[in-house]
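A.B. asks: Those protein sequence lines, which keep their order, are chains B and L.
Each residue of the first sequence is one higher than the one before, starting from 2 at the first, in my numbering.
Each residue of the second sequence is one higher than the one before, starting from 197 at the first, in my numbering.
Zero decoy hints are in this set.
With a cut-off of at most 27 Å between alpha-carbon atoms, the simulated DSSO-like pairs for lysine-lysine come out as follows:
| id | chain 1 | residue 1 | chain 2 | residue 2 |
| --- | --- | --- | --- | --- |
| 1 | B | 104 | B | 58 |
| 2 | B | 104 | L | 238 |
| 3 | B | 66 | L | 296 |
| 4 | L | 238 | B | 72 |
| 5 | B | 104 | L | 296 |
| 6 | B | 72 | B | 19 |
| 7 | B | 58 | L | 238 |
| 8 | L | 252 | L | 296 |
| 9 | L | 263 | L | 296 |
| 10 | B | 104 | L | 263 |
| 11 | L | 252 | B | 104 |
| 12 | B | 70 | B | 19 |
| 13 | B | 66 | L | 238 |
| 14 | B | 58 | B | 72 |
| 15 | L | 296 | B | 58 |
| 16 | B | 72 | L | 296 |
| 17 | L | 296 | B | 70 |
Covered stretches of chain L (chain B as the covering partner; in silico rule of three or more C-beta atoms under 8 Å from a C-beta of chain B):
| id | stretch |
| --- | --- |
| 18 | 236-243 |
| 19 | 296-308 |
Read the hints as simulated data drawn from the structure, not as lab findings.
These figures come from a predicted structure and were not determined experimentally.
From the three backbone atoms N, C-alpha and C, an ideal C-beta is built for every residue, glycine too.
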Amino acid sequence: EAQVTQNPRYLITVTGKKLTVTCSQNMNHEYMSWYRQDPGLGLRQIYYSMNVEVTDKGDVPEGYKVSRKEKRNFPLILESPSPNQTSLYFCASRGQGAIGNEKLFFGSGTQLSVL
Amino acid sequence: QKEVEQNSGPLSVPEGAIASLNCTYSDRGSQSFFWYRQYSGKSPELIMFIYSNGDKEDGRFTAQLNKASQYVSLLIRDSQPSDSATYLCAVRGLEAAGNKLTFGGGTRVLVKP
Chain B
2 EAQVTQNPRY
12 LITVTGKKLT
22 VTCSQNMNHE
32 YMSWYRQDPG
42 LGLRQIYYSM
52 NVEVTDKGDV
62 PEGYKVSRKE
72 KRNFPLILES
82 PSPNQTSLYF
92 CASRGQGAIG
102 NEKLFFGSGT
112 QLSVL
Chain L
197 QKEVEQNSGP
207 LSVPEGAIAS
217 LNCTYSDRGS
227 QSFFWYRQYS
237 GKSPELIMFI
247 YSNGDKEDGR
257 FTAQLNKASQ
267 YVSLLIRDSQ
277 PSDSATYLCA
287 VRGLEAAGNK
297 LTFGGGTRVL
307 VKP
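Extracted from the complex, chain L is given alone in its bound form (with noise of 0.2 Å):
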């Protein structure tokens, strides 16, 4: 079993439609959770982090963690076509795991117009 499994997609949402992604984890320790966009053949950049159980919004982005379902979201309101990218959800686990970072294989998204 992946540590980090995210569906692979492509989620296809029209514009101005509500995208929601999901992301489950394995090691109930985990800390810290972020979500990453990386555009095709670009670079990942950190879009949201969340640290504790509920909703986190930041413009038209909100995180959504659940520490007991050990699942972690990403809601996309207002879809651009500039949100096409492929989203990767990143999990920390205890600080004695040595900082370890695990990401998940990561959404695609498309946004049609």
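Next comes chain B alone, as it looks inside the complex (with noise of 0.2 Å):
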């Protein structure tokens, strides 16, 4: 089954406690980008990635990190958690190319509280 796949689907840490949040396609894309959603805001982006070792900042990129060593995986980083990163977080994907492949493919979330 085509998927993208989150870990963990909720965290509560502590604030300056570094912590991961993993992401993997199955899908063979190219593309892939992580997004948070807060109250109001909408989805906003954090970084993407067009392809391994390729990332680049979002919207909203500062106290996050990426790397994309492999194609599958896209992992995104909090060095330091602050309280203000509190948010629902989503790891998406899509292939490469314009019309007709333009859908992306969410994971199935994040909820991470920094307490």
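Hints are included, so try docking the two chains, each in its own frame, into the full complex.
C.D. replies: Right, here's the structure in full:
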């Protein structure tokens, strides 16, 4: 089954304790991206990757890191989490190209609470 | 000014009626337009996309695009309780912008039996 797998589904942590949210896709997609969703603000892009070893900042990259060492994996790293990073996080992927290949496939989300 | 704007709702619609959702965007060079549906506690799923001015129909859904006025709308005909969800408008800018897809804040739709 084609899917984007995110883990964990829920995470409660404390300020300053490094954490990693994993994301893996089995569709051989080149493009992967991380979003955070906050009430009233919609989905805001954190980082995206066009392919292996190619990553770039989205709209709200501060406090986050990513890596793309393999095509299928795109982990999100919070080196020193703060309470303002409490949010619902989604990983997404899609193939390259334009028309007909634009659908974003989303993971099931990670609800993060930073105390 | 937000790049993609939607009325947050809730938009309350009787079962069987037409739900009309609107979205405006600021980047006049935007190329592609999408509607995602998100049920509470779930991830977004694509329901419609449109590239050209005019209407595009898919089942009970119709997307309408007017690039001159910079708005895109979604009509849901014969609304069902299962259509109760948040609908996210998303807009892709020029390729030079790095494939950026910008989402609006979403419109919450409630279909009442």
